[in-house]
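*Asks:* Sequence:
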Amino acid sequence: MLTKSTMAFFSLLFLSSRLGFDEELVWTPNAQRILEIEQSLELPSKDTKLEEYVRHYWGTMENGVAILNGQFHLPWGDEEKPNTIHINDLGGPPVIFDGGCSVINARWNMKLKKLIAIWCNGVA
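According to the working numbering, the sequence shown holds residues 139 to 262 in order.
Simulated from the structure, these hints should not be mistaken for lab results.
Any given hint might turn out to be false.
[Claimed, not checked] No farther apart than 16 Å at their CA atoms in a straight line, the calculated lysine to aspartate or glutamate pairs in the EDC-like style are these: (1) K219 with E190; (2) K252 with E174; (3) K249 with D185; (4) K252 with E190; (5) K251 with E174.
[As the list claims (entries may be wrong)] Just the calculated beta-carbon pair ranges, DEER-fashion: (6) N168 with V261: 25 to 35 Å; (7) F235 with P213: 11 to 21 Å; (8) K249 with P213: 17 to 27 Å; (9) L163 with P220: 17 to 27 Å; (10) G238 with G202: 32 to 42 Å; (11) G215 with K252: 30 to 40 Å; (12) K184 with N221: 15 to 25 Å; (13) L253 with G202: 18 to 28 Å; (14) D216 with L163: 29 to 39 Å; (15) K251 with I225: 14 to 24 Å; (16) L253 with I225: 16 to 26 Å; (17) W257 with L173: 13 to 23 Å.
Small disclaimer: the values here were computed from a predicted structure and weren't measured.
Ideal Cβ placement from N, Cα and C applies to all residues, glycine included.
Just need the whole structure built from these sequences, with the hints factored in.
*Replies:* See below:
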């Protein structure tokens, strides 16, 4: 008979496996391709330049199509430097709920080589 702690351990193990990333739904973006995309990117706010942002990129698959996701935010404090690029191989940037155009989100369809959407975060 299993003890409560053993049952709890196996329950957590099962849940963690279900909550993890599905390896078939994420991919790692190529740095060279990101730099090419950035060359033609127009930000929604003309007040800041792309080089002023810390940029996070990650890839997802949607209906069999590779989607490049980007989140750009102005540096926070002294720890972050502008014009820094982070390529996340397991998806997702920091979670930021507001910030206006100090936080910009973008999505590209890699098959069509086309920007799908670009927008500023809301303001709380």
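*Asks:* Does each hint fit the structure? Answer for all of them.
*Replies:* Verification of the hints:
{"no.": "1", "hint": "K219 with E190", "verdict": "holds, 9 Å"}
{"no.": "2", "hint": "K252 with E174", "verdict": "holds, 12 Å"}
{"no.": "3", "hint": "K249 with D185", "verdict": "violated, 31 Å"}
{"no.": "4", "hint": "K252 with E190", "verdict": "violated, 23 Å"}
{"no.": "5", "hint": "K251 with E174", "verdict": "holds, 11 Å"}
{"no.": "6", "hint": "N168 with V261: 25 to 35 Å", "verdict": "holds, 34 Å"}
{"no.": "7", "hint": "F235 with P213: 11 to 21 Å", "verdict": "holds, 18 Å"}
{"no.": "8", "hint": "K249 with P213: 17 to 27 Å", "verdict": "violated, 33 Å"}
{"no.": "9", "hint": "L163 with P220: 17 to 27 Å", "verdict": "violated, 31 Å"}
{"no.": "10", "hint": "G238 with G202: 32 to 42 Å", "verdict": "holds, 34 Å"}
{"no.": "11", "hint": "G215 with K252: 30 to 40 Å", "verdict": "holds, 35 Å"}
{"no.": "12", "hint": "K184 with N221: 15 to 25 Å", "verdict": "holds, 18 Å"}
{"no.": "13", "hint": "L253 with G202: 18 to 28 Å", "verdict": "holds, 19 Å"}
{"no.": "14", "hint": "D216 with L163: 29 to 39 Å", "verdict": "holds, 36 Å"}
{"no.": "15", "hint": "K251 with I225: 14 to 24 Å", "verdict": "holds, 19 Å"}
{"no.": "16", "hint": "L253 with I225: 16 to 26 Å", "verdict": "holds, 18 Å"}
{"no.": "17", "hint": "W257 with L173: 13 to 23 Å", "verdict": "holds, 22 Å"}
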